[in-house]
Amino acid sequence: MFAPEHLISLLLLIPSAGVLLVGMLPGSRSHLLRGVSLAVVIATLICSLVITTYFDPSSGSMQLVQNSLWFNAGIFHVRYHVGVDGISLLLVLLTTLLMVLSILASWSITRELKLYLAFMLFLELGMLGVFVALDLILFYVFWEVMLIPMYFLIGMWGGEQRIYAAVKFFLYTMAGSLLMLAAVITLYFYNGGENFDLLEITARIGDGRIVLPPGVEYLLFLAFFIAFAIKVPLFPFHTWLPDAHVEAPTAGSVVLAGVLLKMGTYGLLRFCIPLFPAASIQLAPVISILALIGIVYGALVAMVQPDVKKLVAYSSVSHLGFVVLGIFALNFQSIQGALYQMINHGLSTGGLFLLVGMLYDRRHTRMISDFGGLAHATPRLAAFFMIVTLSSIGLPGLNGFVGEFLILQGTFLRSSTWAAIAASGMVLSAVYMLWMYQRVFLGEITHEPNRGLKDLNSRETLILLPLVILFVWMGIYSQSFLRLMDPSVENVLQRVEEFQDRLLPRYRVSGEYDGS
Amino acid sequence: MDLEYTTLLPEIILSLSGILLMMSAPMVDRERQHSLGYPALLGIGTAFAATVVQWGLSGEGFYGMVFQDSFSQLCKLLFLFSAAAITLSAMSYLEREKLLHGEFFALLSFATVGMCLMASSADLILTFLGLEILSVSTYILVAFREKDPKSTESALKYFILGAFSTAFLLYGIAFIYGATGTTRYTQVADFLSSASFYPLALALGLALIAVGFGFKAAVTPFHVWTPDVYEGAPLPIAMHLAVSSKAAALVALLRIFYQMLPDLSQQWEGMLSISAVLTMAVGNIAALTQTNIKRMLAYSSIAHAGYLLVGFCANNASGVQAMLFYLFAYALMNVGAFTVIQVMARDNERFLSISDFRGTARRHPYLSAALASFLVSLAGIPATAGFMGKLFMFAAAIESQHYTLVVIALLASAVGLYYYLRVIVLMYMWEPSDILEPAPVPLSAKIVIAIMIIGTFYLGIYPKPILDLASEAAIF
Chain A
1 MFAPEHLISL
11 LLLIPSAGVL
21 LVGMLPGSRS
31 HLLRGVSLAV
41 VIATLICSLV
51 ITTYFDPSSG
61 SMQLVQNSLW
71 FNAGIFHVRY
81 HVGVDGISLL
91 LVLLTTLLMV
101 LSILASWSIT
111 RELKLYLAFM
121 LFLELGMLGV
131 FVALDLILFY
141 VFWEVMLIPM
151 YFLIGMWGGE
161 QRIYAAVKFF
171 LYTMAGSLLM
181 LAAVITLYFY
191 NGGENFDLLE
201 ITARIGDGRI
211 VLPPGVEYLL
221 FLAFFIAFAI
231 KVPLFPFHTW
241 LPDAHVEAPT
251 AGSVVLAGVL
261 LKMGTYGLLR
271 FCIPLFPAAS
281 IQLAPVISIL
291 ALIGIVYGAL
301 VAMVQPDVKK
311 LVAYSSVSHL
321 GFVVLGIFAL
331 NFQSIQGALY
341 QMINHGLSTG
351 GLFLLVGMLY
361 DRRHTRMISD
371 FGGLAHATPR
381 LAAFFMIVTL
391 SSIGLPGLNG
401 FVGEFLILQG
411 TFLRSSTWAA
421 IAASGMVLSA
431 VYMLWMYQRV
441 FLGEITHEPN
451 RGLKDLNSRE
461 TLILLPLVIL
471 FVWMGIYSQS
481 FLRLMDPSVE
491 NVLQRVEEFQ
501 DRLLPRYRVS
511 GEYDGS
Chain B
517 MDLEYTTLLP
527 EIILSLSGIL
537 LMMSAPMVDR
547 ERQHSLGYPA
557 LLGIGTAFAA
567 TVVQWGLSGE
577 GFYGMVFQDS
587 FSQLCKLLFL
597 FSAAAITLSA
607 MSYLEREKLL
617 HGEFFALLSF
627 ATVGMCLMAS
637 SADLILTFLG
647 LEILSVSTYI
657 LVAFREKDPK
667 STESALKYFI
677 LGAFSTAFLL
687 YGIAFIYGAT
697 GTTRYTQVAD
707 FLSSASFYPL
717 ALALGLALIA
727 VGFGFKAAVT
737 PFHVWTPDVY
747 EGAPLPIAMH
757 LAVSSKAAAL
767 VALLRIFYQM
777 LPDLSQQWEG
787 MLSISAVLTM
797 AVGNIAALTQ
807 TNIKRMLAYS
817 SIAHAGYLLV
827 GFCANNASGV
837 QAMLFYLFAY
847 ALMNVGAFTV
857 IQVMARDNER
867 FLSISDFRGT
877 ARRHPYLSAA
887 LASFLVSLAG
897 IPATAGFMGK
907 LFMFAAAIES
917 QHYTLVVIAL
927 LASAVGLYYY
937 LRVIVLMYMW
947 EPSDILEPAP
957 VPLSAKIVIA
967 IMIIGTFYLG
977 IYPKPILDLA
987 SEAAIF
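Just so you know, the protein sequences line up as chains A and B, in that order. Our numbering puts the first residue of the first sequence at 1, with every later residue one more than the last. Our numbering puts the first residue of the second sequence at 517, with every later residue one more than the last.
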């Protein structure tokens, strides 16, 4: 009965069953509800780890594929097609890990707990679905459906401005992706109305069986690109992000920053580039410039934020700019770096939001000026905060360095000016993060209420410990993660290769400058 | 050519049931009038069963006046399904509002007969008759809240404008007859395909017919009556107007344009695509500022008529299929939403302001979840029937390269998100404005809501069953 191919369906099934289970439990039994949800997310994590053991890192193609008919009616042929490659596997692992931490971090939620947990599990289902779906319609369904739980999580358990933030988040992301739907359908008809299968369409575009007229290709590329760029968010589509991140409850912010933003960059990597290689190559300079603006602008705005959470939110704009820059430098190192940085950002920004949440739980404020000298009162919290900060600013030896280095290396092969500007973003990130750290944790305690703050309890330490272990692991022995993604990144580049040879003769895909 | 009574079997059954209801109403206690809904349901159910049994049969009846084909049968199933749901939710409504007249059910059955005739008609005269049977019954039903001046006002408004539009339709039919010498669909089509030039009267006829049905379907620029009439009409009748009567008008128009005037498709495609754009724009934009939920749903129903016109303009089999699927999806979510609202509005329809939905999630967790699901489906978010409907609709339009229309439709639905979300925001993210006991939820409403919820999600996840029926029915 059981075959490894069913593992991915199982991965989707566990959170779905969790939603139903939580929905059926009585709302008053809060310990039971928490326990059940924790068990569900841990089971999902284990399932994703099992998937990793079945995964063959030497192959760049989709693995553990399950491809069966969803429905076939009228002119439509829609398939339930799921699978993972090195790119999606890492993001699946990131999702399942962060979900465990988020559920653990939600212990202080008491209001409408049942609904909250059901939405969290529903969110996990949606996010995992996005990363494993290989049919365009299936992907679109998960992509949109995931907005609903996030919308409720922000709107019901968020801060002061939660309703505004929730509606803005929803409308921005939904409006962006509606045009993608039109593009998906158009692509379907260019595929001869046969199917919505991503792999098949990609292959057909690659070998010229589907030829998109240049104008159409640009429009389709833009329809996909805008949907993803809003999610990333790429400057100038980023304005929803500070509101949503700041107003969301801690777990919501962790998931938003850790996973949701990656869905945008994942989309660029999985859909935009392989489906529209020519448009990607030609528009890469424009997109890279937007990414550079995002890097510097995000960092500068983060620097002047009086609110820690907002500071972390804007730092995401800057960091995700790096990722997009890496993706659109279109060479091996840069894409590898971008993918690595996606995971890094998920872990370190997730960690920062968790820590900010812990601060907020203690002091009920997030204003930097309300803190100061916390290292005296809460040494353990300060230590963890330091490690996460260092990871976020890319200290060598921790994970952030590897990703940023690869991105800069790859970008340098494209343009040394861009690399220089991007590097300034790294410097700025050190400035705002360390300055914030200094104002919050160092010096003397200036506000009386800060004196009696409790240090981290064991649950909170347990949440942060895995992150720290991963930071060090990913920083020192990055090969264990890079080897998972290498063949898949190679695969993406192969799609670009022939087009790139035609359009950008000066550079080889491998990134080596051939001097001509 | 023969009489072939059985081609109209469902209509005949339903008419008989209506007449019986009408006659038995005076013999039933005044307090128990609402229980006449049960025999009405029986009649509707029998007609439904008759349609199911006849599924797949095709032919003509009444000397060529009536088509029996899968298109008309699927439409009948839709109308009868909605009629049953409306009857069921009207039973508790009539009891609560003390509108104790069993004739309500008879009139609803007659209106349904009219709609079924419109779907199966093969002749403009019969289409007109069907429309009149529908309209006259509906005029009375709109005025059913006799003590509420708003209801009377809206009935009068509906009647005057309706009579006006009927005149347009009749005038249009006369022009078609004048130009071609017949009112039979197939004969007009034959005439046109062999005609060397099209007389001007034909164009006039086409336009006037579109006006007549455009009014019933609440399509811009003939939509102005909609919000006022919905607001004044009893809730089950607002449901009937929004769901069935609109569907009937569109279905009849579909049949006329696709079957009778395919040669003029360029003309009507252009005309309808302009109307589609206006309808979607007006519906979605005007809905943004509404403060009454009935009016909001009225504008939302206008917007949905616009999406349906997008499928209409596609002018291909996928378009017909998508429209039929969408009409089912639309019936599910709208009947569901109206039924929830009917329960939450309480007696005398007191709580209909959108702000009354503040914090209802606390008071009515299940009803609020249901309403939220219906609204999410109306907004067209995946995993609901509304999404699948839009997907098929837009796909059909893209298939015939109506890219601009689809992009406008997508932008319009983005606007639409806002007002659907607003209600969800109020229900879930606000504190209740007043402390009320939970409203009683009658069993019949529970049944209706449960069926609609299951349908909405079932079709959203696995649309094949209805889509298959629709593709069988897309015979043009």
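These are calculated hints, taken from the structure and not from any lab test. Treat the hints with caution; some may be incorrect.
[Said to hold, decoys possible] Below, a sample of chain A positions facing chain B; criterion: calculated Cβ distance under 8 Å: (1) Ala-175; (2) Leu-178; (3) Ile-185; (4) Leu-300; (5) Val-301; (6) Met-303; (7) Val-304.
These numbers come from a predicted model, not from an experiment. Cβ atoms here follow ideal geometry from the backbone N, Cα and C, with glycine treated the same way.
Satisfaction of the A/Val-301 interface hint, Cβ to chain B closer than 8 Å: Hint violated; A/Val-301 Cβ to chain B Cβ min 27 Å, cut 8 Å.
Chain B contact restraint for A/Leu-178 - C-beta distance below 8 Å: Holds: closest Cβ of chain B sits about 4 Å from A/Leu-178, inside 8 Å.
Per-residue hint verdict: A/Val-304, partner chain B, C-beta under 8 Å: Not OK, violated: A/Val-304 not within 8 Å of chain B, min 31 Å.
Minimum beta-carbon distance criterion (8 Å), A/Leu-300 to chain B: At 31 Å from the nearest chain B Cβ, A/Leu-300 fails the 8 Å test, so the hint is violated.
Status of the hint placing A/Ala-175 at chain B (closest C-beta pair under 8 Å): The hint holds - A/Ala-175 has a Cβ within 8 Å of chain B, the shortest such distance being about 4 Å.
Interface hint status, A/Ile-185 versus chain B (Cβ within 8 Å): holds (5 Å)
Status of the hint placing A/Met-303 at chain B (closest C-beta pair under 8 Å): Since the shortest Cβ distance to chain B is 33 Å, the answer is violated.
When held up to the earlier numbered hints, the structure conflicts with 4, 5, 6, 7 and fits the remainder.
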